[in-house]
Amino acid sequence: MSRSLFFSFFLHAFFIYLTALTLPFMLRNPIDLPPIVSVEFIEIRDETNIPYAPKARKIIEKVKKEKERVVSEQAPPADIAKEKPDRIPMPEDKKEKQELKKKKQNPEEIKPQIRQVSEFEKKELFDPNQIAALIDKAKEEQAETERKSEKLTQSNVKNSFAKGLSLSEEDALRAQIFGCWSVPLGLPFDEELLVRIKLKLKPDGTILKSEILDHARMNTPGQSFYRVLAESALRAIRICQPLKVPPTGYERWKNLQLNFDPTEMLKG
Amino acid sequence: MKKIFFIFLFFIISFKNAYSLIKVDITRGNLDPLPIAISPLHVDSKSEKLSLFDTDKLGEEISKVIEQNFRSTGLFNPLKKDSFVQKPDIAHLKPRFEDWRLIKAQALITGKVLIKNKKLKVEFRLWDTIASKEMIALSFTTTPPNWRRVAHIISDKVYERLTGESGYFDTRIIYVSETGPKDRRIKKLGLMDQDGYNTKYLTLGNELVLTPRFNPTNQLVTYMSYFKNMPRVYLLDIETGIQEVVGSFPGMTFAPRFSPDGKKIIMSFAKDGNSDIYTMDLKTRIVEKITNHPSIDTSPSYSPDGKFICFNSDRSGVQQIYVMRSDGTQVKRITFGTGLYGTPVWSPRGDLIAFTKVRKGRFYIGVMRADGTGERLLTENFYQEAPSWSPNGRVLIFYRETKSGSKGEGFSAKLWSIDITGYNERQIKTETDASDPSWSSLLSK
Numbered sequence: 021m022s023r024s025l026f027f028s029f030f031l032h033a034f035f036i037y038l039t040a041l042t043l044p045f046m047l048r049n050p051i052d053l054p055p056i057v058s059v060e061f062i063e064i065r066d067e068t069n070i071p072y073a074p075k076a077r078k079i080i081e082k083v084k085k086e087k088e089r090v091v092s093e094q095a096p097p098a099d100i101a102k103e104k105p106d107r108i109p110m111p112e113d114k115k116e117k118q119e120l121k122k123k124k125q126n127p128e129e130i131k132p133q134i135r136q137v138s139e140f141e142k143k144e145l146f147d148p149n150q151i152a153a154l155i156d157k158a159k160e161e162q163a164e165t166e167r168k169s170e171k172l173t174q175s176n177v178k179n180s181f182a183k184g185l186s187l188s189e190e191d192a193l194r195a196q197i198f199g200c201w202s203v204p205l206g207l208p209f210d211e212e213l214l215v216r217i218k219l220k221l222k223p224d225g226t227i228l229k230s231e232i233l234d235h236a237r238m239n240t241p242g243q244s245f246y247r248v249l250a251e252s253a254l255r256a257i258r259i260c261q262p263l264k265v266p267p268t269g270y271e272r273w274k275n276l277q278l279n280f281d282p283t284e285m286l287k288g
Numbered sequence: 058m059k060k061i062f063f064i065f066l067f068f069i070i071s072f073k074n075a076y077s078l079i080k081v082d083i084t085r086g087n088l089d090p091l092p093i094a095i096s097p098l099h100v101d102s103k104s105e106k107l108s109l110f111d112t113d114k115l116g117e118e119i120s121k122v123i124e125q126n127f128r129s130t131g132l133f134n135p136l137k138k139d140s141f142v143q144k145p146d147i148a149h150l151k152p153r154f155e156d157w158r159l160i161k162a163q164a165l166i167t168g169k170v171l172i173k174n175k176k177l178k179v180e181f182r183l184w185d186t187i188a189s190k191e192m193i194a195l196s197f198t199t200t201p202p203n204w205r206r207v208a209h210i211i212s213d214k215v216y217e218r219l220t221g222e223s224g225y226f227d228t229r230i231i232y233v234s235e236t237g238p239k240d241r242r243i244k245k246l247g248l249m250d251q252d253g254y255n256t257k258y259l260t261l262g263n264e265l266v267l268t269p270r271f272n273p274t275n276q277l278v279t280y281m282s283y284f285k286n287m288p289r290v291y292l293l294d295i296e297t298g299i300q301e302v303v304g305s306f307p308g309m310t311f312a313p314r315f316s317p318d319g320k321k322i323i324m325s326f327a328k329d330g331n332s333d334i335y336t337m338d339l340k341t342r343i344v345e346k347i348t349n350h351p352s353i354d355t356s357p358s359y360s361p362d363g364k365f366i367c368f369n370s371d372r373s374g375v376q377q378i379y380v381m382r383s384d385g386t387q388v389k390r391i392t393f394g395t396g397l398y399g400t401p402v403w404s405p406r407g408d409l410i411a412f413t414k415v416r417k418g419r420f421y422i423g424v425m426r427a428d429g430t431g432e433r434l435l436t437e438n439f440y441q442e443a444p445s446w447s448p449n450g451r452v453l454i455f456y457r458e459t460k461s462g463s464k465g466e467g468f469s470a471k472l473w474s475i476d477i478t479g480y481n482e483r484q485i486k487t488e489t490d491a492s493d494p495s496w497s498s499l500l501s502k
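From first to last, the protein sequence lines stand for chains A and B. For the record, in the first sequence the residue sitting at position 159 is 179 according to the working numbering, with numbers rising by one throughout. For the record, in the second sequence the residue sitting at position 355 is 412 according to the working numbering, with numbers rising by one throughout.
If you're looking for bench data, these hints aren't it; they were derived computationally from the structure. Hints are supplied without guarantee of correctness; some may be wrong.
With a straight-line cut-off of 30 angstroms between C-alpha atoms, the simulated DSSO-like cross-links for lysine-lysine are [claimed, not checked]:
#1 B/Lys106 with B/Lys161
#2 B/Lys121 with B/Lys137
#3 B/Lys80 with A/Lys218
#4 B/Lys121 with B/Lys80
#5 B/Lys239 with B/Lys175
#6 B/Lys175 with A/Lys229
#7 B/Lys257 with A/Lys229
#8 B/Lys121 with A/Lys218
#9 B/Lys80 with A/Lys222
#10 A/Lys229 with B/Lys161
#11 B/Lys190 with A/Lys220
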C-alpha cells in the first residue's frame, strides 16, 4: 500500500513539475521572424555548426582516425564498391550505345538534312587528342571517387552531427549563385519552371558530378525552354565553382540539391 | 520482445546519424544580357572570287549581321572582337574554351564560308564555353547574293537554342513609306528585311496607300488604297507584283487583315452610315457581317487559333476594346481603364493583346492579357500607334510621329520597336519616313 502510494506521489510530482516547466513556454507568443534578405557580403561565423570546441575536436578526430583505420580494413562499405565500374568506358562504346538507343526510339523523327550535317560535323571533329583527353578525364574522375570512398567510414559519419546548412551558410551559397545565374529571358510565364540539380561536391567546393533530376523533360517536345533553363542553371554552377560551402562538415554537404526556379523573378 | 526492442533501438540510432539531402532554393539570378562571342566566319582558301563583293571579307560581314541582330534584342551582349585570342579557322575546329571563358563569353559562334561552283556554303557552330561542348552545328547552301539571309537564319537558330523560343530575324517588314511635305505626302508600299536592309518599293506612289498586312504565308499583302476618293482593298503578290482589287466599299473602310488560315479578310467599313465588322471569303468573295450594332466598330484582329476576334468599339460611349467569338456572338468588353483604347492586335502566341491608348493627349503602346487583365503600358509619346507583333510574340513594332510646326516643319514619322518587357526601345532604320508597319512571320519555317 505504502509502496503504491509512494509511486503515485512520485509520478504526480513528476507530472506537476513537467507542467510547470512547459506551460509558461506554451503561453508565449511565437516570435514573428522577418523574412531573411540575403546580401552579397556575408560573414560566415566560425562557430556555426561546429560540433565541438576546436581543441576537443582535434583530440576526438585523432582517436577516430585510429578507429577509422580498423573499420576500413575490416569491411569496406558495400555500396561504395558498387560505384566502381569494372573498366574505364571507352568513348567509342558510349557512342555505339547512344546510336542504338536512338534507332530504337523513333527513327522517323531524325530529319535527313540534319543527320547529314551532324555526320559531316562528326568527321571534322574527330580528333584523337580529344579522345585521349576524354579518357584522362574519366580516369581522373574515377580516381577522385576512389579516393573519396576510402574516406567514407562510419566513424567519419559520426564525426559531425549537425544537419543541413546554417542560415548564414545557405545564404552565402545562394548569394553566390544569384550572381552567376544568367536567367534566360524568353521563358514562358505559365509553365512549371523548377529545375532540380543534384550535385556531388569535392571538399573544396568544386563539382565532382552534377545531375539534372528531371532530365526526361529536357527532350520533351514543346518544352525546349526547359532545356535552355536547365543549361543556364548548370552554367551558373560551373561559373560559380568552387561553391561557397562551409569549411567543415564535408559529409553534411557533399551531396547537395539546388532547386532553380525563376518564376517569382519573372512575375515580379 | 527484447529482440524487437533492440531492433527498434538500432533503427533510432542509425536514423539519428543519417543525413537528409540538403536542398537550397535559387529563386533569383541576374537579368544581364548574356555575353556571347561571335567569331568572324573563316573564309575557306579554296573559295572562288566573285565580282559581286569582296569574298575575303564575307565571313566578317556575316558575323557583323549576326552581331547586330543579337545586339538589337537586348538579351545578348556581343563581345568586342578585339578581345578574341583564337583565330577564326582554329576556333571553328576546336575552340580553346579557357581563352573564351577568360573574356567572360558564355557562348561562342564560329563558322566557315566556302564559295564553290557559284554556290555559297556557310556552316556554323554554337559552343557552350562553360560546359566546353557544342550546342548546335548546321550548314546552309544558297546563291551568294543571299548571304544576309543566311546570317539571319543563323541568328534565328542560335537565338532559339539559347532562349528556347523561336527567333524573328529571318523576317520582313512591310510599311508605308512617306516622302514630301506633310500636307502633300507621297505614300508608297515599302518592303524590307527586319534590320532595315534590302528595301523594295511595291507601289509607285500615285495613290494613297494605307495599312498593309501580310498573309500567313508571307506571299500576299492586303492593303487599302484610295482610287478616285473611293477606298479599295487590294491583294498584292510580293514575288510576282500582281495586284488585284478585292472590292471597293462605300464610306470609311479600315484596316483589312487576313484570318490565321489566310482564307478570309476581316475589316470594318461603314454601310448606311454605320461602321461594322465584316469578313470576306477570298475564294467566293462572299461578304459576311460579324457585328451588328449602331456604334462604331473598327480594327478587328483574329486570335491565332481563329476562334476569337478582338476589336474596338464606342458602344459604351468611349472607345474601348472588346472580344467576341469569330461568329460575332458573346461580345465582351475587356478594357475599363481611363482614356481611349484602339488598334488591338492579338499576339501570335495568343496570350497577349497589344493596343494603343490615348490619355490626356498622350499616346501609349501597351499590352494586356486576352481577358483584359494585367495591362502594361510600354511606351509613351506625343503620337504613336499601330503596333504589330514579331512572329515570336516578344517584340512590338509601331510608328511614331514628331510634333511639327504650323507649316509642317520638323515633322517626321519613324518605325520603332520595343520588347514586351518595356525595355530595349529602338528606332528601326528606314530609307524614308515610315508608318503603319506590319511584321511578317518567319520566312524559313
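Each hint, compared with the structure:
no.	hint	verdict
1	B/Lys106 with B/Lys161	violated (36 angstroms)
2	B/Lys121 with B/Lys137	holds (11 angstroms)
3	B/Lys80 with A/Lys218	holds (9 angstroms)
4	B/Lys121 with B/Lys80	violated (44 angstroms)
5	B/Lys239 with B/Lys175	violated (47 angstroms)
6	B/Lys175 with A/Lys229	violated (49 angstroms)
7	B/Lys257 with A/Lys229	violated (55 angstroms)
8	B/Lys121 with A/Lys218	violated (40 angstroms)
9	B/Lys80 with A/Lys222	holds (17 angstroms)
10	A/Lys229 with B/Lys161	holds (23 angstroms)
11	B/Lys190 with A/Lys220	holds (21 angstroms)
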